[in-house]
Each structure stands twice: as structure tokens, then as C-alpha cells.
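Using the sequences and the hints, build the whole thing.
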Amino acid sequence: MTKTHVTTTINGEVTEFLCEPGATLLAVLRNELQLTGTKEGCGTGDCGACSVTLNGRLVCSCLVLGVEAEGAEIGTVEGIGGIDKLHIIQEKFLEHAALQCGICTPGLIVSTKALLAENPEPTEKEARYYLAGNLCRCTGYDKIIRAVMDSAEAMRGDA
Amino acid sequence: MSEAREYKYIGRRTIRPDGFDKVTGRANYGADLSLPGMIWGKILRSPYAHAVIKSIDSSKAEAHPDVMAVVTYQDYPAVSSGGFEPGDGPTDLCDLARNILADDKALYHGHAIAAIAARTEAAAEEALSLIDIDYEVLPPVMDVADAMQPGSPVLHEDLFTKGLAEQPEKASNIATRMELKKGDIEAGFAAAEVIIERDFYTPTVHQGYIEPHATTVRYDEDGQSMIWCSTQGHFDVRASTAKLLSMDLGKLKVIASEIGGGFGGKTTVYLEPVALMLSKKSGRPVKMVMTRDEVFRASGPGSATRSTVKIGAKKDGTITAMQAKLCFEAGAFKGSPMGPGCMTVFTPYDVENIYIEGYDVVVNKPKVAAYRAPGAPQAEFAAEMVINELADELNIDPIELRLQNAAKEGTQTVYGPKLKAVGLVECLEAAKNSPHYKQALAENQGRGLAAGFWFNIGGQSSVIINMNPDGTGTIVEGNPDIGGSRASMQLMAAEELGIDVSKLNPIVADTEHVPYSATTGGSRTTFATGMAVIEAAQDVVRQMKERAAAVWNVTVEQVDWSDGVAINTAGEDRLTAAEICQGADRTGGQISGRGNINARGAGPSFAVHLCDVEVDMETGKTAVVRYTAIQDAGKAIHPGYVEGQYQGGAVQGIGWALNEEYIYNEDGVMENAGFLDYRIPLASDLPMIDTIIVEVPNAFHPFGVRGVGETGIVPPLAAVATAVSDAIGVRMTNLPCSPPRVLKAIQDTA
Amino acid sequence: MVSVVYEAPASVQDAVALLSGAEITATVLAGGTDLIIQMQGLVNESRLLVDLKKIPAMMEATLDAEGLQLGPCMSCAELTSREDIKSVYPGLIEAAYLIGSTQIQGRASVGGNLCNSSPAADTVPALIVNNAQCVIVGPSGERSIQVEDFATGVGQNCLEKGELLSLIRIPLPAANTSDAYLRFIPRTEMDIAVAGAAVSITLDDDGICTAARVSIGAVAPTVLVVAKAAEVLLGTKVDVQALQAVAEAASKASSPITDRRGTDEYRRHVVGVLAKRAAAIAAERVRGIQS
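Protein chains in written order, with my numbering: chain H, 159 to 317; chain F, 19 to 768; chain G, -13 to 277.
What the hints contain is simulated information worked out from the structure, not anything from laboratory work.
None of the values given here were measured: they were computed from a predicted structure.
A portion of the hints provided could be inaccurate.
To be verified - In silico lysine-lysine, DSS-like type, Cα no more than 25 Å apart, as pairs:
#1 G/K39 <-> H/K161
#2 F/K436 <-> F/K343
#3 H/K283 <-> G/K72
#4 F/K269 <-> F/K299
#5 H/K243 <-> F/K762
#6 H/K161 <-> G/K40
#7 F/K762 <-> G/K238
#8 F/K438 <-> F/K199
#9 F/K199 <-> F/K436
As the list claims (entries may be wrong) - Here are some, though not all, of the chain H residues that point toward chain G, as calculated from beta-carbon distances under 8 Å:
#10 G201
#11 T202
#12 G206
#13 V222
#14 Y287
What the hints assert, rightly or not - Facing chain F, a subset of chain H residues (Cβ under 7 Å, in silico):
#15 C205
#16 L252
#17 R295
Note that CB positions come from ideal geometry on N, CA and C, so glycine has one too.
Dropping the structure here:
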């Protein structure tokens, strides 16, 4: 199978890769680029563990082809928070014990960041619906929603 | 507990030590490891629920240029049937082998038949279609009631019911019949003024962990083979895999990756022995990752059950007799959690006359695995529904009826021991006094309450605390951390050592670097591994005191240890832990404490849940509008993660009660093998889950800890179903209370 | 897995040329939220994927005196953020908002929803009650067809080889008209519709219904237009009796199947409930405009 050369920007860095045209962006991120922070829970867009942003829009990377990344801007969990300073959302998830096993956490961090960029002051209901595509089986969502609401407040305070 | 101890660390909501890696995506899970030269393995699965495998021809697949190995059941050394305890309970090695790769029969749709390793994942998948299998299709048996019928197709010609008075002559699908009794059941019902008897059904459900099973392995003919995998118990992966491949334990290293959820479903092996055999045959490292479809069809779900519960009481509310018949589906091989189901069903009640019979029955579904308090949710659902009906019938408040009959210290259980101090009464009182219980209901709303019990277990745990030359410590444990347990280990070690949590780093070691530790399951880790941590910390303190005594030239008895500092009671001298560690080279070498234990005295945890729902009377759709989970933790080491266990258990139970079920077609093929149609709760489906932590200390743990992980899934089934029943005025006895079922119940009474 | 050839043409003409000249099975790639899942099930096949998202006209939406000209590949996330469109076609935007999760909406499009041709497609009943039209371009030129005639069966539609859906045209609603879409799912999000119903209603100054359209989804091989359900609204004030008649007509028109998402009996009942409730909401919206 012939591979296609793709030039894209991931977390602000220009990145090139070769991929089979049928390969998903998720497979490319994980297997070609070793960006394993993006997780695979279902491969069918039903769990949100593979959430990334594509040109600023929240998407499931399992439902995007790697070749579609040509010329695009991709944002993954690896681009959120630095070595010396976590993003407020990451800090709040830890503070509120909003993760147990942690497999859904990267997807939720990416989605929460997208939520708060679109809607800095979500109601609890808005947050719950925006994040409905991010399945968590451990927490019952209570602490996640608390972390999200607290992040929103802290980020508004920062601004 | 004798006197209340003032804690410095325990009870604090610290940031978990593995948290940074988990919020940044750096933590490595089962599918995150790749090795040089690695190839990919895939499994060919049965398209039939029940079929004889007449022949397997893999020659075309083997000729494929990218294929590097093909494995079937025939590649493994012969195993004999017999008891073997690798993980959550006894496993028949022969069954384990035949579940990993089918022998002469496919016993469920999705049953593994053969495996291929190829250069790419796509090539492996493509080559599966090149394997020719000749099947003779047999009728499937998909329901426990059908499977128990005398004329039913039989899955295993060598399965004869155990537990009958006489050894049966004919093979059947009933693996075991079990009986538990106490008092005189007939006299108990004769003394009753009200008797209620109902039949119940619960469907096959899945744990629904978000991370699929995944492993990367490397077989090495000469030295040390390696398995990296997502598991609740890597020592048990080692035991099972070594047995199946006939290897010495010492030749197989298993590394537990970070684990993306398990809930009991990752207490056995599926991929690991297959991947290792593929690696052995190909000479290459092999990676295997299940798809979500495979997880649903071919890992171990929770048992479907049919049960009958009969309870008799006097008009004043005294329960005189409790009787249950519990039939559990085991899936394709024997070994459902029928036993714990029988043992837990009536344990919240102190009743004189009890009779329970249980059946473990095979059907053409995947072999069940543990699922959070295995057996208890299904069994106690039935019991709690009848208790609630009894409360209505007697016109007694359901909390009062429970208080009147509640199990407490000294209650004789039906399965053996008398209960020590337990917190059921305290949980019921907390429910009664909660704002939730006092809130009025709106139109089309209903309320349900239920109690729940789970034993919790102890078992073997091993911990090493290595003190570093700068006075920091590494806590080396052997229990995969599935929900924040490293934070608890850190807190308990800090408390015992008097060293700040920031100076103590807990790690989950592989099978080479810490002695055997039983699987993370049975709500045992914070209790048992916590005890091992405490013992290891005490060992460290003892050595620190010895070193200080040697420096000061006093006896060890003259040295006190307080807040991480050695104190010379015979003088003014002080030595901090850091100072002792820094000077360890001059006082006898480095300091390392050990705690290798087999913990006894796990304290049972009781819970009481309150649930309010609102039902759309025209569509039968239910929304949970308020929920409170109350549970005895003994002592909450990290309250944030204790609450998390309560909330997570409650929501899994809500899913089980409302929407989750395996849906099969008439050929025994699961029709909803994905998160689209196997509907686990979403963030938008739920309200906040309120929690109340009750603390009745467990006398057998130094800090009073009880396991908390499992009990939380026991009450919700009955709490939710009772709330729905209350809202619609019809008793729901079959789960899930899905919209079509609820609407039908409404219409049938209209 | 399938062997894929990927093309992202810059114009509709180029796309048509690629589709009509293909020697292997050619498929349009819009948001990919159905297509990429469908491709997972294929073994040893080849596909030409023609990605239309690099064609500017496919990604735009214009609202003017003619109505809405909707580029079929515009993501639902972008469409539902357009307040101008929402104020004119609230029911259509509701339907687009209901498709999948936030993540799915980031990719899924109304055109994709139409071309996937599932009877459970959420936007289709809403398009139908708004008299939407499909503009189809192919090797032999351009043609138009009403949305209700587009799908011909489960997963099947009237597109011929080489043709693609190039535009969705939705006329401006008449004065004193509004719409609503409701669907039933077991959870609150993420599920595929068990049944769906869209209603458009026009009321005169006395609150009397002078025109209506009712369309129901997931209860037949294709989305249905229920003329009878619209008829029973005419001349009424959309009162309880009229709404009950709508429910009965919708239920009667349905011919659902039993599957993992619901029984035929349940779907038949619920589609009536949805039609009734959607009609009530649409009428309330008109009263809101009038007051």
C-alpha cells in the first residue's frame, strides 16, 4: 500500500508523517508519532477517549483520517500544560480527585478546554451535555463536573 | 478501636502521586508500549454461539507473506482439569485453556479459535480471513432457565452437577447446586403473618472499563520472557500464563501497565498466553489490543440471573423467614459468582430462619468474570425489592423496617462467622437524617431505598519501603492502582513513618521486584496492602531506632520515634529520618523495610442508597433526579477517593438498573457490542451523587480501614427499581427498567 | 481493513470527474462519522474517498431572502452556532444539535446525514417539514429533488454514479410559521433515534392552523411525510384534541421494526407522542413570534 506524505501542525509544531490513506488520525498519533496520550476506548466515536482538536474544533481522532490532517492544526493532550506548570484544568482535576483509573482523563482535559474556550461560564447542565461524549466508568462524573465548574471559575478569575 | 488516634496525614485529600502523568497523557496504559521489531497479533473468533469445530486449516494464512505465526489450541502443552487459584477465585485450568483458544467446540459467539501475528495490524486482520474452519453448528442455549431444562442442548458432555445428594448419571448445564441454611425455614414461614414471594431477572451486563484489554510481550527462549499488560493482578497473569505455556514462574516477568479500569473484568487472562505463544513461534515481540467489539463479545461480563425471593414477617415488622433460589449464568464455562450471591443475599438482616439455594449454570455466552462485588448486586436486588414491598404491605417506613431487622455486631451470618462491629445501623440512621430523605417528591417522581452488603477480602500483599540516602522513601507495592490507591499507600506510610507524603513515592513494581501480591480486587488493596505498608513502615522505624541507638550508644528501648525523628529519651539527642539515612553507610548499610503478609480480618462494608427518579409517563423514560450514597468506610484514608468509589459504584448500578443489557438475537449473537447501543451512563444522564461517609472502625486494621470499592454497586439496582416502581405504581421485577419495559408496565395497569 | 485512495478536490467539477471516472468503488467523504466506522468492517476492498471539505462552497451557509443555501459538508457544530439560522429554523438547528456528541458534531454534517440515508437521521425530518431541496451535480449536469424523495431505502438514495449532493436549499418559512424536532433516545445524548418527529406549523392571527407539515423518522425504511397528521391540524387551534389526532395519525403511518434500539410496538407509540409534542412546541413558537 502506498503511503501518503502529510504535513501538519501538532500542538504548534510542524510535523510530517507518512501514513496509509485509510489510517485514522488516532492510529497515526499513537503508532507513528508515539503521542500515546490520546487513548483508544472504542474506535467508533462513542467514548471520547481519543478527543483532539482539529482546526480548533473538538473531534474524535478515531473518526478522522490521518491524511485529512494535511495543512491542519491538531491539538492533543500533550499540548496542554507544561513541564513546570499544569493547566488550571489539569490542576483542578487533580484537586477534585476527578480521575480514578485515568484512561478517560486526557480526552476529558481536551474536551473541557474546548468547552471553556467556547463557553467560559457554562451551567452545570451545559457542561454535562457538552461532555456527554466523554465516557467515564469510574467516577460517576460528579467530581469531573466539580473540577470543570471550578476550572471555569478559576479561569475567569485569571482573565 | 480503643482510643481515637489523632492523625496527621490520614484523612487528608492529597494530590495523588501518579496524577501529573495522568492529566498530561504521559501515563502508559496497556496499549501504549511498542518494542523494536514488534509485530501485531489478532484473533479469529467464532461466528457461531455453539458449534463443533471439525477442522482448522491455516495453511493459506501461513503462506501470506506478512504472517509470522499462527496459533491454535493445539500449540499448547496438554493441561489437565483441576483446581488452580490464579486470581479472583478458583479456576479450572482446562476451562481457562479452552476459553483462551477453543479446543473442539466454540461455545459462544466471539469465542477465540485461532490467532495470527503479522508485520502490521492490518495484515494480521486481513490474514484471519484466510483461515478455513469447518463448523457443525449446534443450537445455542442463551438463558439460565432454558439451560436448566432437562431437554436442553448440553454445552459440555463432561459436566456433571456437583452438590447433589447423588452423583448424576447424565451431563447437564448445571455445574453446581449449593445450599445455605440457618434455623427452621418452615417454622419461620409458619410464624409469619405476611409472606411475599416474587421472581426477578437481571440481564448480562459488562463492567464497561474504557480501556480495552491490551498487551505487548516478548518471548525469550533462554532467559526472561516479558509481558506488559493491563491487569488487576500481574502475579496472576504470570501464574496463568506460565501454567498454560508450561514455564517456570521465575522465567516470566509481568509488568502491570497503568490500568484503564477493570471492576473485576481484568482479573483473568485472555490475550497474554496467546500473545506469548505467537511471540514464541515468531521470534518477535507481539502486541495485541482488543477492539471494543471484542471486549463485549469475548471478555468476561457479569452474570445474568433469575431468582425467586420469599420473605415472611409479623405485622410488627419482625422478619421471621427469608428464602431464595438464585440461578446464575456462568457463561460458557462453570464458575459464576453464585456462591457469593448466596452468601450476601440476606446478610443485611438478622433473621433466624434462612434457606438459600443457588445454581451455577453454563450457557452459550462468554465466560463471566468478576464484576464489582460479584454476585451480590443481582442477589441483593431481589431481596431488597421484596423487603421494600414488605415495608409497603406492612405500612412501615423502609428505613424503620430495616433498622428493626438490621444485621449488627454478633449477628450470625448464614455462611459462617458472626459479624463483628459493622455500620449498617449507622448508615440507616444517616439516611433517615439526610436532607434527601426529608425532601418532598414532585409529580411523576418516585423514591427508592436499598441496603447493600459485601464481605471484602484480605489476602497476600507484599510491600518494600526502600529508604534513600536523602531520607526520602520509595514504597514498592505489587498491586495495580486502579482508582488512586497509591495516594492511600502514601498517606498510610507517611502516618506510620512520620515522614511527609511529598517525600514518599509509591510505585507498582513488576513481578521481579516485589514478592507475590494477590490481585487488586475484593476491595482488598487499601485494607491488605495498606497493612503491608504499615508493617513495612514499622520495620523501617525499628531499623531507624536501632541506628540512632547505635549512634548514641544507648539501648533501642531508650529511643522514641515521633514525627519522623528519633529521640534519645536518655538525653537531648535528636536524629531526623533524613540524618539517619544520610549516615546509613556508617551504621550498617541502607535501610529497607518489608511487609509481606496474608491479611485476615477484612471488615465488611454496608451501604444504604437513596434514589429519586422522574418518569416520563408517555414514553417510560426515567431520569435520576437525586441520589445519595451512604457507606461505612471504617476509616477513610483519602476521603476524595472513598467518595469516588461510592459515586462510581452508584452510577454503574444506575446503568445496570436503567439501560444496560446484552441484547442477543435468536442465533445467540450479541447485537449491541459497542458503546453506542450498550448504554452506559453519560455525564448528561446524571445529577450530582451525594455521599455520606460513615466510619465504624474495623478492629482488625491498625487505622480501622474497611474496603470500600465494591459495596457501592450493590444497593442501586433495588434503589432505582423501587424508585421507578414508586413513580409508576407498578413493581418492576425485571432489569433493566428501560423505557419500553417501563412503558409496558404503565400501559398494562392503565 | 480497506485499501484507500484519498483525493481532496478543490472544486465540484473536479469531484464529479473523480467520482465518475473511478474504477474502484468511489465514496464521498464528508464528516466521516458514519463512513469511517463502515469502512472498519470491510476486508480486502479498495475505496476511492473523495473528500469534499476542501471545496469552499460545500462548507458555507448563506441566509438571504431566498432562504438558506447550506453547503452540505458544513459541520453541525458550525451550523448550530449560527444564531441567524437558528432564529429562522429552530427545529432544524435542534435536529443538527442532536446528532451525536460534541465531538461528532465537530465533523458530522447535514449533507452527510442525508447521504448516509439512515431512516433515523435526525436532520432529515426537520429538512422535510421545511420543504428543503437537494441540488445534485453529476456528469450530465445539475438536478434538484425534494429531500423526502432523496432516500430510497435503508442506506440507499437516488444518487447515480458520479453524482454528489452539492447544495441544500431551504426556502424561507412563510409568515407566522415555525418548526420543532424531537427524537426519543434511551439516554440523554449519544444514542441513535429510536423515533423522531418534526413538525412545521403556520397559524393565522386567530391562532388557527392554516398550514402544517409532519415528518417522522426511524419508524419505516425511509423518513416519512405524514400528510394525515398535518391535515388534522388544519383549522384547529392546535389544541389537545388536535394534538391527540396528530399522535394517532403519526403512529398509524409508521411501520417500524424491532431491533436493539426498540420494539415495533414501542416505536409506533412513541413516534405519536413525539409528533404531538413537536406540534405543540412549533405552535408555541409561532405564538411567540405573533405576540
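Here's how the hints hold up against the structure:
1. G/K39 <-> H/K161: Cα-Cα ~21 Å, so holds.
2. F/K436 <-> F/K343: Between F/K436 and F/K343 the Cα gap is close to 23 Å, so the pair holds against 25 Å.
3. H/K283 <-> G/K72: 21 Å, holds
4. F/K269 <-> F/K299: Roughly 17 Å between the alpha carbons, so the hint for F/K269 and F/K299 holds.
5. H/K243 <-> F/K762: Distance ~55 Å between H/K243 and F/K762 Cα, so the pair is violated.
6. H/K161 <-> G/K40: Distance ~21 Å between H/K161 and G/K40 Cα, so the pair holds.
7. F/K762 <-> G/K238: The given pair, whose Cα atoms are some 19 Å apart, holds under the 25 Å limit.
8. F/K438 <-> F/K199: Given that 25 Å is the threshold and the Cα spacing comes to 20 Å, the pair holds.
9. F/K199 <-> F/K436: 15 Å, holds
10. G201: 7 Å, holds
11. T202: 5 Å, holds
12. G206: Hint on H/G206: holds, closest Cβ of chain G at ~6 Å, below 8 Å.
13. V222: Constraint on H/V222 satisfied, holds at 7 Å.
14. Y287: 6 Å, holds
15. C205: 5 Å, holds
16. L252: Since chain F brings a Cβ to about 4 Å from H/L252, closer than 7 Å, the hint holds.
17. R295: 5 Å, holds
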